[in-house]
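Based on these hints, arrange chain B on the given structure of chain A.
Chains A and B, in that order, give the protein sequences.
Per the numbering used here, the very first residue in the first sequence carries number 1; after that it's consecutive.
Per the numbering used here, the very first residue in the second sequence carries number 1001; after that it's consecutive.
Treat the hints loosely; a few may be bogus.
[Claimed, not checked] Think about it this way: if two alpha-carbon atoms lie no more than 30 angstroms apart in a straight line, the pair counts; the simulated BS3-like pairs of lysine-lysine are:
1) A:K6 x A:K31
2) A:K242 x B:K1233
3) A:K228 x A:K242
4) A:K228 x B:K1229
5) A:K43 x A:K31
6) B:K1229 x A:K242
7) B:K1134 x A:K228
8) A:K43 x A:K6
In case anyone wonders, no lab produced these hints; they're calculated from the structure.
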Amino acid sequence: MPLPAKAFQLWLHRVAPSASTADICRISGIKRTTLAQQLVRGKVAETTLVSISRALDLSPLAELASFDHYAELAAPPQPPTPAELVSQVATMDLLRAVISRSSPAYGGYGDHGSSMTPALGPAPHATSVRNWVDAIDDGELRHRVSAATGVAPQNYSAQLTANRLSPELAVATARAAGVGFTGGLVATGLITEDEASWTPGAKQAALDALSDGELSALAGERLQALGKTLRRHEQEQAQTEKIWENLG
Amino acid sequence: MIATLQWGTLAVCGVVTLARVPSLLRGENRSLFAVFALMTLAILLSIDAPYLAVDQALGGVNIANLVLRFIIFAGIFFLGVRVARGFSADDALRLITGPVGIAVAAAASAAVVLVFLTMDTAGSSAGLVALSAKDDRNAALVEYYGAAGRLYPAFITVALLPAMLRTLRSGLPVLVRSSAAVLALGTVAISLSLLSPVIPPSLGFLRFVVNYSAVLCLVLGLSLIWLAKTLAKRATKKQAGMT
Chain A
1 MPLPAKAFQL WLHRVAPSAS TADICRISGI KRTTLAQQLV RGKVAETTLV
51 SISRALDLSP LAELASFDHY AELAAPPQPP TPAELVSQVA TMDLLRAVIS
101 RSSPAYGGYG DHGSSMTPAL GPAPHATSVR NWVDAIDDGE LRHRVSAATG
151 VAPQNYSAQL TANRLSPELA VATARAAGVG FTGGLVATGL ITEDEASWTP
201 GAKQAALDAL SDGELSALAG ERLQALGKTL RRHEQEQAQT EKIWENLG
Chain B
1001 MIATLQWGTL AVCGVVTLAR VPSLLRGENR SLFAVFALMT LAILLSIDAP
1051 YLAVDQALGG VNIANLVLRF IIFAGIFFLG VRVARGFSAD DALRLITGPV
1101 GIAVAAAASA AVVLVFLTMD TAGSSAGLVA LSAKDDRNAA LVEYYGAAGR
1151 LYPAFITVAL LPAMLRTLRS GLPVLVRSSA AVLALGTVAI SLSLLSPVIP
1201 PSLGFLRFVV NYSAVLCLVL GLSLIWLAKT LAKRATKKQA GMT
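For reference, chain A alone in the conformation it holds in the complex (with noise of 0.2 angstroms):
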């Protein structure tokens, strides 16, 4: 649930007691009509909320935990687990790791996280949502997801076929599955991993941990995913084509 109005105006007057709202959108790049249409809807999207604690110099992490339902991410964050992290690398890198340990016939170096293989891109990435609750899923977590917020499991998928997630659901997700409240926030890029207070480094760590059985195994589900969606999106585009062939 997004923040209420009230509660995120007497938040605005404490971190920016001076500050006008033309200020705040001008500094934050918040639409005004975006951020008066939220107001006025008395409901404010957490967005917002980062986007402005970034451009006041405060962390996001911090501010959204001193709201009511997000008070539970005040405690000392819960670092990611390595699984999580690892989901949070981009399939490319993934595959760019597998060829980096491939022997030197092949374009790799022979041996785990040389320093020659390019650093890995920031998350989130295009399928990191999904991948994140693969990683946490125990085959059990969407149906308790779905139990404690109240969400259609259907809906809940689509929003990971989307790769998107509320901030709300990402918080529930990571309840359910009794793991830090951060991974969710950083995977559909609420927060960034900094923001998280993620060690620079554990997502490349992580990574380099995994036995090159582990990691191939893991690279292949990546491709077979990234191949179905491709096919699908193939076929859409041909359906499309025949559509304006025909019709057009």
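Below, chain B without anything else, positioned relative to chain A:
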């Protein structure tokens, strides 16, 4: 109010037909132009003034109404084939062009002609309103005639409905899905028009609303696809690459 609806529909159909002329000259989807042109003609013949003018020229025995029925049949047939091909609705295409479709077309045509011949059709009257006022027998025949004329369009559009609903739920571009939604709405309107005979006379305007919104839905639905194509060709191609 009804006149606005009639002339408004005619204007929309006319504009869309004219807009198709360049594509026609380029040789793209000629039958689509035929669909729009036939629909425009059908609307023209369902409005009082043009109908009377045309029918007077044809002898004043309402031959124009019979012509109107076959214009609608032809237009809806081309439309059905095009839409079925475009939306990859092989089941609908088989139904429309296969034995079943031909049988329905033949039966509807025969019924329309037979009823027309048994009616006392003297005296031009758009929608045959004046004819049904002649006597009870003629009134009943006019209803049968109308029902026979609506049967074939209803058959075609209902055959397409599953494909439209499939498209609605798919991940195709929004404009294509909206067009499927509008076409499905047109189907519902055409099917509803089968209920015309049971609409009480006090609600007679509903017949017009249903009929004209059906045509509007079909024309708008097709135009949306066309718009989607034009916009997509103009926009730079976005590829969902391997990210």
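Tested hints:
no. : hint             : in the structure
1   : A:K6 x A:K31     : holds, 19 angstroms
2   : A:K242 x B:K1233 : holds, 14 angstroms
3   : A:K228 x A:K242  : holds, 21 angstroms
4   : A:K228 x B:K1229 : holds, 26 angstroms
5   : A:K43 x A:K31    : holds, 16 angstroms
6   : B:K1229 x A:K242 : holds, 11 angstroms
7   : B:K1134 x A:K228 : violated, 67 angstroms
8   : A:K43 x A:K6     : holds, 9 angstroms
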